[in-house]
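Asker: Kindly generate the complete structure, drawing on both the sequences and the hints.
Line order of the protein sequences matches chains A and B. Under our numbering, think of the first position of the first sequence as 38, with each following residue one higher. Under our numbering, think of the first position of the second sequence as 46, with each following residue one higher.
Check before you lean on any hint, since a few could be wrong.
Unchecked claim - In silico SDA-like pairs for lysine to any residue, Cα to Cα no more than 25 angstroms straight-line:
hint, chain 1, residue 1, chain 2, residue 2
1, A, Lys90, B, Ser606
2, A, Lys119, B, Ala688
3, B, Lys173, B, Ile153
4, B, Lys626, A, Lys224
5, A, Lys224, B, Pro687
The set of hints was computed from the structure by calculation and includes no laboratory data.
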Amino acid sequence: MIIELPLFADSSRRNPAGARPIRMGFFHFSNNNLSIRRQCARDIGMYDLNATKSEDVDLCFRVATSPTWIAWREDDAVVRHKGRRTLWGLITQMWGWGLYVGYPYAKTGIHGIFLYWLNGRDHTLVGRFESGRFPVLVCAFATDFYFVNALMILLIAALCLGSWWLAVAAIVGLLWATPRYLADIGKMQMERWAKVKLAIVHYATNVAFTVAAFVGALRHRVILIPSSVFRPDITRRS
Amino acid sequence: MTWLLQAIVLLLSLTPLKSVFARIYALGVRRVVAALASHPAVSCILGSGSYFENRPTYGLSDVDLIIVLNERMTRADASAREIAYIYEREQRIFQFLGRWPEKEANLIYLSDIAAGFPPPESFRMRYKQGTLVTLYGEMPHGIARGAITNSEVISEIDTLLRFALVADPRYAERQIFWKRIFTKLIALAELIDLRDFADVMRKRLDLHFLRDSDTRVFFRKEDPAAMFSVQLQLSRQIIDAIGARHPRQKVTLHPLAPNGAQTAPARESVAPAFRREFAERNEISFTSIPSVPIGFAPRMLYFPIEGQIVVMDLLDSPYDGILHLRKTIGRRPPSDENALVSADGFLFIISHQPTFVDLIPLDPQQFANVYAAVAGNLTEFEASATILAEQQAQATAMFHALANLYRINDQKVEKLPHPCIYREDEGEVIENALRVLRAYAAGAPDWTLVLRTSDLFDHLRCKHPGGAEFLTELQRYQRCMYGDFSLGHTEANNLYHCLHQFMYQALTGAAAIAVDPPHAHLGITVGVITRNRAGDLAELLESLTHQVRPPDEVLVVDNGSTDRTQEVLQQFGARLPIRCKFLARADIPAARNLVIESAAHEIISFIDDDCISEPRWLAAVERGFLRAQNIGVVGGWVHHQPAPQRSTVDNYYRAFHHTKS
Numbered sequence: 038m039i040i041e042l043p044l045f046a047d048s049s050r051r052n053p054a055g056a057r058p059i060r061m062g063f064f065h066f067s068n069n070n071l072s073i074r075r076q077c078a079r080d081i082g083m084y085d086l087n088a089t090k091s092e093d094v095d096l097c098f099r100v101a102t103s104p105t106w107i108a109w110r111e112d113d114a115v116v117r118h119k120g121r122r123t124l125w126g127l128i129t130q131m132w133g134w135g136l137y138v139g140y141p142y143a144k145t146g147i148h149g150i151f152l153y154w155l156n157g158r159d160h161t162l163v164g165r166f167e168s169g170r171f172p173v174l175v176c177a178f179a180t181d182f183y184f185v186n187a188l189m190i191l192l193i194a195a196l197c198l199g200s201w202w203l204a205v206a207a208i209v210g211l212l213w214a215t216p217r218y219l220a221d222i223g224k225m226q227m228e229r230w231a232k233v234k235l236a237i238v239h240y241a242t243n244v245a246f247t248v249a250a251f252v253g254a255l256r257h258r259v260i261l262i263p264s265s266v267f268r269p270d271i272t273r274r275s
Numbered sequence: 046m047t048w049l050l051q052a053i054v055l056l057l058s059l060t061p062l063k064s065v066f067a068r069i070y071a072l073g074v075r076r077v078v079a080a081l082a083s084h085p086a087v088s089c090i091l092g093s094g095s096y097f098e099n100r101p102t103y104g105l106s107d108v109d110l111i112i113v114l115n116e117r118m119t120r121a122d123a124s125a126r127e128i129a130y131i132y133e134r135e136q137r138i139f140q141f142l143g144r145w146p147e148k149e150a151n152l153i154y155l156s157d158i159a160a161g162f163p164p165p166e167s168f169r170m171r172y173k174q175g176t177l178v179t180l181y182g183e184m185p186h187g188i189a190r191g192a193i194t195n196s197e198v199i200s201e202i203d204t205l206l207r208f209a210l211v212a213d214p215r216y217a218e219r220q221i222f223w224k225r226i227f228t229k230l231i232a233l234a235e236l237i238d239l240r241d242f243a244d245v246m247r248k249r250l251d252l253h254f255l256r257d258s259d260t261r262v263f264f265r266k267e268d269p270a271a272m273f274s275v276q277l278q279l280s281r282q283i284i285d286a287i288g289a290r291h292p293r294q295k296v297t298l299h300p301l302a303p304n305g306a307q308t309a310p311a312r313e314s315v316a317p318a319f320r321r322e323f324a325e326r327n328e329i330s331f332t333s334i335p336s337v338p339i340g341f342a343p344r345m346l347y348f349p350i351e352g353q354i355v356v357m358d359l360l361d362s363p364y365d366g367i368l369h370l371r372k373t374i375g376r377r378p379p380s381d382e383n384a385l386v387s388a389d390g391f392l393f394i395i396s397h398q399p400t401f402v403d404l405i406p407l408d409p410q411q412f413a414n415v416y417a418a419v420a421g422n423l424t425e426f427e428a429s430a431t432i433l434a435e436q437q438a439q440a441t442a443m444f445h446a447l448a449n450l451y452r453i454n455d456q457k458v459e460k461l462p463h464p465c466i467y468r469e470d471e472g473e474v475i476e477n478a479l480r481v482l483r484a485y486a487a488g489a490p491d492w493t494l495v496l497r498t499s500d501l502f503d504h505l506r507c508k509h510p511g512g513a514e515f516l517t518e519l520q521r522y523q524r525c526m527y528g529d530f531s532l533g534h535t536e537a538n539n540l541y542h543c544l545h546q547f548m549y550q551a552l553t554g555a556a557a558i559a560v561d562p563p564h565a566h567l568g569i570t571v572g573v574i575t576r577n578r579a580g581d582l583a584e585l586l587e588s589l590t591h592q593v594r595p596p597d598e599v600l601v602v603d604n605g606s607t608d609r610t611q612e613v614l615q616q617f618g619a620r621l622p623i624r625c626k627f628l629a630r631a632d633i634p635a636a637r638n639l640v641i642e643s644a645a646h647e648i649i650s651f652i653d654d655d656c657i658s659e660p661r662w663l664a665a666v667e668r669g670f671l672r673a674q675n676i677g678v679v680g681g682w683v684h685h686q687p688a689p690q691r692s693t694v695d696n697y698y699r700a701f702h703h704t705k706s
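Answerer: This is the structure:
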């Protein structure tokens, strides 16, 4: 799973190499396959004891922002993970991750607004406003999942209000957004019924994760609309 | 749309409104310079072109900005993208600035120049002529010295040919486009003291528009195919005239193949993947030549060492033929399939880049060896002695610069502000190094012709016995990468560091080369945190016993298990160097810190108890850390271990959480 975080932007211009108009999302290594040099761990301050369930995100974040140490992907370093075996196990796992993912965001100490647009594998920062005087950190990742949900809500509202034009507009929007949202599943090689079930599970986990992340982040005074779950980058050397 | 705008501006600037345009131009230049200057990577901004030489034609003038980036910024940096972004934001308002893709070549990296790379030819020429105007910052000193060389002029002529081919066909249909090109060509001929030739060009009937004013020329159309043929013919004549001024030098290359038959040119027709598309229209004849180096400097590394280069001889008009070829190849999915195109006897490389199809002209002077190879003679060619000497000097400078880069990047990965996770395509790194070494062997003093990678390795082993062990391992590794296991597997894990060591010595012509052993060892502790998962833990430990590179220590933290975890650990005690720690509280971050602090070795590899390690896992982790001293964290991929029974949850993990099932 890929969790996105905004990177630091040195708006004070103290460090010329750090002031950049374009910032990208942040990828981390999961703890189940992460190797660390002891010197690096000590330099960046070990695992954070408060970062329950998001300690790997937090650690990789500090490596990415440290002036010297870097994180390296080695294609042949592969482990196989069993994952949860039941639907309930999966949903509670996603709920758990979601609840704690706000902490590393809060820990960055950044205040401001970051808007990302995630189009497939392109992660574009749409807009950024950063200020120490701003009371909170707002971080929103626009994905097709949110478009589909927003349009469905619009459709229901339009039907309730009896506004036919609005309903038609919502349906047209859904016809555009739904195939995009389902594109990842459409590419899977499996039976039609299995795809339908997968789409339902995917939707349910997305709801669990995004709601948990939103609620969990509020505790840390971060308004987070997280990236919904999408297919990880699988381009690798064959 | 742009045409209309240009036409209006052009006509209005004949009236007293001209001064308004002068103000708009000045404002636009001031704004874009100010915006670019605010970027910390920009060290200075220079202007070139007719506008800065105080003879502007509003609506048509070239406002050419050259942006010099300071030494801290390298090509790997994101600066170029950010500068494009800043530029395009201003260009949207001030259209006369010209679109960015055409200006991209105007970025000058001082870091490249500091490493010893020569700056681009067009910049060098303008710098030497003193036609650059400083708009911001301070013009860097001593970038290029001496008089303008023959090679620089010839490269400029090549650039003009490329420009005519890659320009938007809509522009190429206009006479003004060709007036620009031929004016520049005449200026180049005059620069190299071919005044008679320049006069003849001016008097040509088909180039009568050179005498007309820009405003008049702007509204006329022109046949691009005919014009390009004229350009090609004139360029060829100028290049030949430059070549004929100096004594010719005959060069003989020594083929490295064991038998002479290998070097005989293969004249059989080959079938590139896109041949089918040309089958109906009989306009191209396909042949192929063995893959020879393109020139002697390490910059045209388009073709692999082995195999054949496809040569496409255009039987039709060069301009239409090349345009058709670009379009056809552009429609195909991107690939590494580069080829040579021969148009009226002039050679081009056609190369499919990720976003467009590029054409690189190869003139018959600087790339005489390629022309000889196409004519069927791989081992002998003739070129102007002066140009050959210039080429050699430039090649030597570039090899030294590359050696510098290899030295700088040995054991250290430069920390860039953007990537969070670093990764390098090993195939590309090794293949590139081999192509550079082949180019090195092709020039003086070796003058060898390498047609197979194995020959190159034999040649290098013979020349540098100090690096023989490393070269053998590298060759094995390289073969395995392409699925050829005939030389056996290699467990050499320090190849990356050794490659850098070898390259910076070999490219500077070191007499004796010393390279570290290609095998190195780092102590690795595998850290596992477990709680009541005895069954899963047993599977994990079992997989750890099958590691190709066994762990030096397995440190298990028992986070308060109440099942048979201890029993399992004892079972594996004889097969793995297991140590166990207890932490009564179920606290994962604390347990991880405990592992880091009490591990016996420098590297700690965490794996979860519900995972199974692949046999090469630790070997890859060790190789990762050996690449550079400042690599602090190494990760890889997490694949899915399918459940005994397929279920939707299982499908979910397969699709969204893991990279592969």
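Asker: List, from low to high, the hint numbers that the structure doesn't satisfy.
Answerer: 4
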